[in-house]
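Chains as they are written, first to last, in our numbering: chain A, 1 to 328; chain B, 329 to 657; chain C, 658 to 1159.
These aren't lab readings, by the way, just hints derived from the structure by calculation.
Some hints could be false.
[To be verified] In the BS3-like style, the derived pairs of lysine-lysine whose C-alpha atoms are separated by at most 30 Å in a straight line are: (1) C:738 - A:212; (2) C:708 - A:212; (3) C:981 - B:548; (4) C:777 - A:212; (5) C:1075 - C:981; (6) C:1075 - B:548.
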Amino acid sequence: MTLLRSIFLRREAGILVMIVIFCAVVGLYKPQFLTGQSLRIVLLLTPLIMIGAMAQMLVLIARHVDLSIGSMLGFSAMVVGLMYREYPDIYWLLGFPVAILTGAVLGLGNGLLVTLFRLPSIIVTLGTLSLYRGLTFIISDARQINRSVIPTELKVMSRTSPIFDVPWIILIAFAIALMTFVIARHTQLGRQTYALGSNPEAAPLRGIDVTKVTLIVFTLAGALSGLAGILYASRWGFVNPSNTGAGFEFQVIAAVVIGGVSINGGVGTVMGTVLGVLLLGCVAAALPLLGIPGSTQNAIYGAVILIALLIDRSVRQRGAISMSRTTS
Amino acid sequence: MTDASTTQTRKLAPARPTWHVVLVRPETMTFFLLIFGLVGASYLSPFFLDMNYILRSFTLTAEMSIVALVLTMVVISGEIDLSPAANMALSACIFAWVQDAGVPMPLSVIVGLLAGLAMGALNAFMSIRMQLPSIIVTIGTLIFFRGLAQVLAGDRSIRVPDSFIGINTVMVVGIPLPVVIFFIVAIILGLVLGATVIGRQIYQIGTNQEAALHAGINAKRIKVGLFLVLGLVSAAAGMMAASRLGSVRYDLVLGGELQMVLMAMLGGTYIFGGRGTILGTFLAAWLLVIASTGMTVANLLPAIQLTVLGILLIVAIIATNFIYARTQR
Amino acid sequence: MEGLPMLIEARGISKQFGGVDVLSDVDLDLHAGEIHALLGENGAGKSTFAKILAGIHRPTRGKLRLNGQPVDVSSPIAAQKLGIALIHQEPISFPDLSVAENIVMGRQAGGLLSRVPWAKIIADARRYLDMLGVSLDVTRPMRGLSIANQQMVEIARSLASDSKLIIMDEPTAPLTPREVDTLFNIARRLREEGRTIIFISHRLEEVRMLCDRVTIFRDGAHIATQTIDSISDDEIIKLMIGRTLKKYMRKHMAAIGETALEVSNLSLPGAFEDVSFTLRRGEIIGLGGLVGAGRTDVARALFGVAPAASGQISIGGVGATINKPSEAIELGLSFVPEDRAGHGIFSTLSVEHNLTAAIPNLIAPSGFISRKREHGISSQAVDDLSIRLASLRQPIVELSGGNQQKAILARWLLTEPKILILDEPTRGIDIGVKAEFYDMIGDLAEAGRAILLISSELPELLSLCDRILVMSEGRITAEFPRETATQESIMQAAVPRTGMAA
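Chain A on its own, in the form it takes in the complex (with noise of 0.2 Å):
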């Protein structure tokens, strides 16, 4: 009761309480689960679900989703790859900024679809979700870019580490989390996010402009997920137009979901976003360990989605149950 209650009044706390638990339960069967050789597995699991984690976050805190973070990453580590095929000489960091550049592209076109046609985020992103991947095979030639293509220093840079033997692509990722934390904590298009997803209707009486506000987030989505396409690359050191990032937008919202952000807007932080994303990886690096198969990754995700609604819902209650008290 007292775990429940916890989870309800804190759903940090509540995360981390699960993390806790279960890594001991899990450790108490498989010690060899609790040494840093597993800390840095769970951690390497995790970075690309991380910044996908963020984007789909803020994207969620509008009261809108995002189903098309898995096509974005795989057009634009596409793009980049492409590109370090036809200019093999090129200077290797810029995969970066295009990658970044081809996902605002895309995202800005969710964006503008939503708020150009007052369509449901929903099924433009389902659309999208096609489209993305179906432009990803075009520009391919359906081929995959292969390990001789991506630059070795881009490959090396998700292993080595500047600092404390922690790897780039972990710091990235906490990086952006970081980022993620000061735009949605102090800046105004944070909070203004946080506002126009708790009261759609109330947003513009209170002078927030709602479709600027709407097109940078959907714009700031496909970045990350672009950011999260050249990470893929340097990550798996090839990139496969019909595998890279696909399901990956399912991951991304199962970690949101469970890290307490709301699917009625208004609601998330980036703490709890970043423990959901530590727990499902977590739970992936524990697999097989338990000799479980690696295939009930995804019953689990989807399970926990439908838990996670249920528990977001039960919140919602008690919050109108206290409100009418106060009142009567």
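Dock chains B and C against chain A, hints included.
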């Protein structure tokens, strides 16, 4: 009666002319696109005027088209379901797995159907009973069902017995059985939606659920019923796909939700509920087959087809929204 | 009082909605540092006027001056910049944001990427709430705050933008007496600071306690402005009703038969309390009162839309439980709801489909809809009620409001109801059709149906009803037989008394 002639100045909105009523509706757009597609495709390849070729191509998407017909009714009632493709995969996997374990065939089919029904019930419970938005719920169940299928089947394909294989090669008066089933389901659902009280009430709920409640219509029961039927039909469709393919994998009709939603939208079903017809979805299913086989014949990459599907979905929604906005004053 | 400087001068403010005049040529002057009451019946135009001042509606015609300068209040933001704040009865808020943020949201300078000065926001929020004498944790979210506290946050918000004019639209309705006291003390303090407050309320006692001057609106027009000491309650009520009573006469009085509906001790906490009455066949009972008195809630409870928590309903002498509308319809009840667009019509569906929505068994005896039967039934209904339309197939939304309402009434008459509940049936309907409605209602009673008529239009109640019940704050406060009812007596019973409400 009181003298009302003193206030005859009120303007009476004239009814729209008949041609306007008939022509300015999304199904008409679908129909003309279909004709256009046929002409274009036969220009690309003379193959196309071969009816058998088209029918054979249609068997590839017949299962999804059947589900899309039921989905149309769900969307008209004001809900949506993105999970039927995953439902098809999971039901087919359960069916194949059960009969692989030695359960007799008829019983396996029943187990498969019950599984589909249970999935529909989960969607109904979450969206109607718990009043969560069905669009988000069914994304969750989409991942969940697909994940369970993966748990069950892993990376292997489960064979189904030879006796069960080949629904697409069964011919009824020269037409493949899946196509025949599609026709029958379309006619039945068309009748239900167009000519029965339940159908009428589906439109009323989708147009204004509060008003429907005030008129004594039990909206919840009808919506729950629709989710259940959709679950059941998805399971049947999943097993039809198993029969056509001869084996079942967890990634059966992966991403099929897009095509099903697309068929409904392209057929003029209004994303916010209350409008749409079975005829529209029926035509849209053919349109998609013509378009995709046309592209195949023209040697376009499957990838381009994906792009086209995405663009079509967005354009279809914008177009139907536009048409409905114009006809509503 | 007259010596005070002028804050707002409104001249010729008019507003039309869909061709209907809601406000016509309103002139009003507001002094700096006064509390000014706006009074009037439901729909007199008070709220519309307030919304025009606050930039939510734009006037069709008319000019506003603020401190002598002509101003254009083009949006809520413009109003805020000019120092005009509107506090709604149900305050607008961002429930997931903190109290402090709700106080400042949308007021900060700087672009989207500028920093949020948290320390300053929190300090400011504390200061404003301290000024109001409210102790609230400003870092807690708005969600879960009582309505009274939400109002305080809105008032703090208007202080933060240094509003010169604060409009409170029925702020006391959801408050407890103690909370009302707090609010009044704050209002008086704001007045001392030289701010102007417009106070919209139905409660005359409160107006008398708080306000310096009163303005009375009626039918969208400004009727009178006086200092509160120079006018009595009775005079105020007279001015609010005011119109020369053009009494519509019912042609025949129906013979009143046996009991059709008996309601005893019906209660739904937060909506209505202890409601009892008996309705007989052929009788028309009027239910009068102000908006929010609980009349619609009683109707919704009887029809099973939002069932009562306790109490008994018996129909035709037999006890009944009604938990959903389908059960009510089964028992012979019908309900024409007040909110026609939201609860009545299926706007994009055809007139025909709207007419037959409640009689599935009649149009489809076999389960399949018989087009012929349906067409016959609906054409007959259109003729009977002389609904003006171009075609049965046209979307109902294309009809005029009055004809839409006739269609909804027709839908229910097709169910052959024994008991009809009509909630504001003539709202938003032009005069000619109104008279047709009155005839129809009279005819229905004569045909032996029992009718419960909820109306805010006193002449309508007085001319149509056999008896009139008046509700105020969820309770029935008075009952008048037709012969002794007057506009004044109904209004007296409808206006809440602070003493009585407790």
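Hints and how they fare:
A hinted pair counts as satisfied when its Cα atoms are at most 30 Å apart, and residue 738 of chain C with residue 212 of chain A qualifies at roughly 21 Å. A distance of roughly 26 Å separates the Cα atoms of residue 708 of chain C and residue 212 of chain A; the hinted pair therefore holds under the 30 Å criterion. For the hint pairing residue 981 of chain C with residue 548 of chain B, the CA-to-CA distance comes to about 12 Å; that is within 30 Å, so the pair holds. Only pairs whose Cα atoms come within 30 Å are accepted, and residue 777 of chain C paired with residue 212 of chain A is accepted, the gap being roughly 26 Å.
Note on residue 1075 of chain C and residue 981 of chain C: the hinted pairing holds, with a Cα-Cα distance of about 18 Å set against a maximum of 30 Å. With a C-alpha separation of about 27 Å, the suggested pair residue 1075 of chain C and residue 548 of chain B falls inside the 30 Å cut-off, and the hint holds.
In summary, the structure agrees with every hint in the numbered list given earlier.
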